[in-house]
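S.K.: This is what each chain is made of:
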Amino acid sequence: MNSMEPAHGGHGRPTLAEELRRATGRNPARCYQCGKCSAGCPMASETALRPHDVMRLVSQDRREELLAAESIWLCLTCETCVDRCPNECDPARTIDALREMASAEAPASVPRALAAFHRSFLDQVRLTGRLFELGLMAEYKLRSGALFADVTAAPGMVSRGKLGFVPHPIKGVKEVRRIFDACERANQEKP
Amino acid sequence: MALPAEKIEAFEPRITAFVCNWCTYTGADLAGTSRLQMDPNVRIIRLPCTGRIDPLFVIKAFERGADGVIVSGCHPADCHYTSGNYHARRRFAVFNEILGFLGVEPERLTFSWVSASEGQKWREVVNDATARARRLGPFDAFRALAGRSA
Amino acid sequence: MKVGYYPGCSLHGTSREFDESLRAVAEVLGVELAEIDDWSCCGATSAHATNHLLSVALPARNLALAESQGHAEVLAPCAACYNRLAGARHEIATDAALAARMPELIGRPFANTVAVRNVVEVLHGLLPTIRVRAGQPLAGIKVACYYGCLLVRPAEVCSFDDAEDPVTMEEVVSATGATPVAWDMRLECCGGALSVSRTRSVVRLGRAILNDARAAGADAIVVACPMCHSNLDFRQSAMVRRGEAAMPVLFLSELVGLAFGVAPDRLGLRRHFTSARSLLDRVQPPAAAREVR
Amino acid sequence: MARIGVFVCHCGENIGRTVDCARVAEELGKLPGVAHAIDYKYMCSDPGQALIKQAIAEKKLTGVVVAACSPHMHEKTFRRACGSAGLNPFLCEMANVREHCSWIHEDRDAATDKAVDLARFIVEKVKRNVPLETIRIPVTKRALVIGGGIAGIQAALDLADGGAEVILVEKEPSIGGHMSQLSETFPTLDCSQCILTPRMVEVYQHPNIKLMAYSEVAEVGGYIGNFDVKIRQKARYVDAANCNGCGACQKACIVRKVPSEFDEKLGKRTAIYVPFPQAVPNIPVIDRASCAYFKAKAKGVKKDACGKCKEACSKGAIDYEQADTFVTEKVGAIVVATGYTLYSIGKDQPEGLRGYGEYGYGTIPDVIDGLQFERLASASGPTAGKILRPSDGKEPKRIVFLQCVGSRDPAKGIEYCSKICCMYVAKHTMLYRHKVHDGQATVFYMDIRANGKGYDEFVRRAIEEDGARYVRGRVSRMYRDGETIKVQGFDTLSGEPVVIDADMVVLATAIRPQPGIEQLAQKLSASYDAHGFFNEAHPKLRPVETNTAGVYLAGACQAPRDIPDSVAMASAAAAKILGLFSKAELEREPTVAKVDAALCAGCFHCERVCPYGAITRIEVRDRKGNLVKIVAEVNPGVCQGCGTCQATCPSKSVELQGFTDEQIWSEINALLA
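Order-wise, the sequence lines are chains A, B, C and D. The first sequence begins at 31 in my numbering and counts up one residue at a time. The second sequence begins at 468 in my numbering and counts up one residue at a time. The third sequence begins at 2 in my numbering and counts up one residue at a time. The fourth sequence begins at 42 in my numbering and counts up one residue at a time.
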């Protein structure tokens, strides 16, 4: 093995920690498991894996387990963990990067509701350049199957003038679509 | 400008090493007590500290027939004199660029840290520098110049 | 004073009253909000969670637009937009390789020169004027300033105030004549990112915030984020239990507007799901001289 | 013309096996200036040395080159031999043909060629060697100890008992340092004051110790054996010679509510005060900033300024006109024992540090630090040893202790471990339980570092016998909820978030060097690390020395240290100094730099690069006394001989003796045979 190559986890590919270090610019090995991130995490009481658990599994190279975990999709990206981490780790950014990897490598593991939400959101933006919230809701409900979950919402929204009308695409919508394409291409080209 | 293979065989480069007394000289001593065999092309000149090494020494060595030069001292933070090696590092970072300007291939100068416990590393430095000089061939730019002016 | 204005999608939709109240307040303060022509969505949480490059490129397009339209700074009232725009700006400023890629990626020249401001920061910069223009209508009203997370974190991006002990929103509220209360939950996340997809988490988090504000004696909660607002306002009926009083949730610009004597309807207060009536009843009738044209 | 003798050693077979020693001698003998060249089986043996001595006498040699083993092995041997034969020892040098040649090569021809080269270089060098004299420096057998905490006290007593005179300088009104504030000490729980105060009195009474309390080091000049130290004695406004320590002035003082530094602001003192009853010396000082007399004077009040203490003093010792005085002392060695200060979590921080906003920046009442807890637990403290909350005087039934506050927290600016907190927190939980039997102590920790004799047993005892609850995790946030403090943490061992209601919180804040340490280090030309701790000369082999000869370290000025460590360092420093003082003169190798004042252009690049501060500036004047120029001069007592100045000097006017440019050039010139 060439010593110049990045660390391997004994399975012929870079370790998860190494990949995340490249993606986030922060070294996951800095985590010393003090738990301060999890102590301040607003979702800690609901998730199976707390931020420090995620960092721990990263350091143990438990890729499949992490990418399949629902917990990474429950992060609110409130960044409390980032600001309070004593050792300058970035659990939120790490979780973001894991989500990206999960979407690419294990799309089936992405919780349906969330995948639907993000997909609907981005499709809206790609389509018109902006987010049209009524459109988002309709599409989200169709995709997630949660057709009646928020059924109280829309009528009140409309009567309060909150949802507006279906917008025209912005002038630069083609520009926005090009950005989407370019970013997706760049992601696929990543080793 | 690499030499053809048969000439590489015949050419024995001369290499001068300027080393500090406390780390690299002692590391080379350790290589000796450990009987680590290495290329016999390197001649050591002992100085108290890499901080004492004037870049002009290096130019002078090339002028006097060296085909390669090694400058080696204590690792950063381990200098016997606290900071001499830092001054050396700064000096040689600048000097490296000047070398090219002078017409000396920068690969002919090796700058390394070898501690008193790194006999093995000293052998690698010596063998690498020798192999590099062998590949680059004799350095005769100065010699030609000296011959003309003499 | 003229400032580039990036309303973002929410202010054109569910948080229309944020836009309306902000424009009304800006008029009184003599601030011209120059909307960035042809702005597009910042990508918010969804780009952030799925494609990091996209989450930088989408804001970058808007910053490039602002740049080409001659703005030195841009106001992004929505905290999510602010966070994404400021975050992208910071990331590009600290990553030379990323900066080099940007123009090609977004198909525009881009020098990353535009500063990103949030609404608290901008109003805070106008404190003396607010003090002068505010009458006494809010005297005696106690307000819980809720920062949430996107406005102050991460500290290296949102450096306009101390991430753990911010004071700017309280100072703006004091300038309006209302009284900020001391409370503990002002920096805790309301769960905005899961607002649609996981309502029960949002209810749990929101309830804790409402309870703490109530315990601190607040008459209303003031926010500067459409997501916090929609969570605490729209979903409040699910958060409160029988017998607990409703807690009006106002945008900071709405509160400032009330202090200026702007009519509640012009501030969009009727669009709220949780009635602000209990609060409006306590607002002193605005003096005629203060009525805004 | 030089007459060099070359002596080639076979080292039994060690050299002779691969190097043709006879050929080396023969080749060297052909060189111009070589008057004598022989080879011999064992040059270092008595007969070998005799050969050298004999040749020096018979051939009138002007230099000797021994081609043998490493100079690190036998340079001293051969130089001594030359010296005894009447040749200046520094005219003898070695060529290393064993470690650097015979042992690492197999090809006999190549090895022999190389040996000839190596010896030739040295011959060319020795031709340019000049006789050098060993440097002798007189030693003043007095030591200065800076800092009167336990480390300074120990160093002063050890030195004084060893017969050296000592000047002990302490910036506070009394010696005793932080140790005098402690209640009981780990791991034995013996009373801190009970073991410390006798040592303080001993310092005061020791005939060899001159105690200068309420004083600071202003300037340091000179070098090892010969320092000149200027000391500022701050005005006490009390005449020490007349004061009998009766305390009447303090009873009379009308300003009674100044927060006491000794009690960490938990207690009060008067404006004229001694920090604590056992203070040494027991002489009060007037704190100008809070004194009614000085305040009135500052406002321009002409008469009727307070003056109560002056009226009360039967000895007439109060002197409002007293001013700072300066004295200069000559000492041969200096011990730095300036100790530590505690990091505080407040918003205002020195450069490079950040406070803890998530813990309320120190604004939440009843959140105190470790030293404050020591004062609460101390029988001589403001609560007479009762554990009471500062805010309302109630006894806290639930105390939470937080370890690693500031320490091991690069995000706040400190990455190191403060070393003593694990132990004193365990001690605090014990003291608490011993005083509040129904109280519950909870400790948030990351790791327990109890690596001393009896240390781990001590922590176990806190947990097993005294009921301390240890939670492994850092606290994310702390906030006030009525009278209780909510402590929001995470138990990483059970994997659960925890919120603990506390009546009081004690923060084990990081140990930092004393403020102003950088300025002191600069005065001493000693180096310090990124945090301001002094650097030891070598982390393993020279732990109590600095890289400035004659300056030593003891205690927490070098890194966080507990009492046993500090005392051990102090005794070690004292032993080093007593060793230094055991000689009438210091002997130094003459390998030091020397400036040619005629050539020096006064650019002072050398001054900038010298790691030892050995360069001073001197004025060159003409015969009429007019200033011609300012040039550099090397202090041979301070120079360690690295030669960095010489390589840096643009005008080539500084030379390292023994390694002059001429000597090195001639070695390089010899590259081409």
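In case anyone wonders, no lab produced these hints; they're calculated from the structure. Keep in mind that the hints are not guaranteed to be accurate.
What the hints assert, rightly or not - Pairs of lysine-lysine residues, derived as DSSO-like cross-links and limited to a Cα-Cα distance of at most 27 Å, are as follows:
hint : chain 1 : residue 1 : chain 2 : residue 2
1    : D       : K494      : D       : K292
2    : D       : K494      : D       : K460
3    : D       : K306      : D       : K271
4    : D       : K476      : D       : K309
5    : C       : K143      : A       : K201
6    : D       : K275      : D       : K388
7    : B       : K527      : D       : K71
8    : D       : K275      : D       : K298
9    : B       : K588      : D       : K427
10   : D       : K71       : D       : K212
11   : D       : K344      : C       : K143
12   : D       : K453      : D       : K371
13   : D       : K527      : D       : K306
14   : D       : K271      : D       : K349
15   : D       : K371      : D       : K292
16   : D       : K298      : D       : K371
17   : D       : K693      : B       : K527
18   : D       : K635      : B       : K527
S.K.: Now look at each hint and say whether the structure bears it out.
M.R.: Against the structure, the hints come out as follows:
no., hint, result
1, D/K494 / D/K292, "violated (45 Å)"
2, D/K494 / D/K460, "holds (14 Å)"
3, D/K306 / D/K271, "violated (32 Å)"
4, D/K476 / D/K309, "holds (23 Å)"
5, C/K143 / A/K201, "violated (45 Å)"
6, D/K275 / D/K388, "violated (31 Å)"
7, B/K527 / D/K71, "holds (25 Å)"
8, D/K275 / D/K298, "holds (23 Å)"
9, B/K588 / D/K427, "violated (63 Å)"
10, D/K71 / D/K212, "violated (70 Å)"
11, D/K344 / C/K143, "violated (52 Å)"
12, D/K453 / D/K371, "violated (42 Å)"
13, D/K527 / D/K306, "holds (24 Å)"
14, D/K271 / D/K349, "violated (34 Å)"
15, D/K371 / D/K292, "violated (40 Å)"
16, D/K298 / D/K371, "violated (42 Å)"
17, D/K693 / B/K527, "holds (16 Å)"
18, D/K635 / B/K527, "holds (24 Å)"
Violation of the numbered hints given earlier is confined to hints 1, 3, 5, 6, 9, 10, 11, 12, 14, 15 and 16; the remaining hints are satisfied by the structure.
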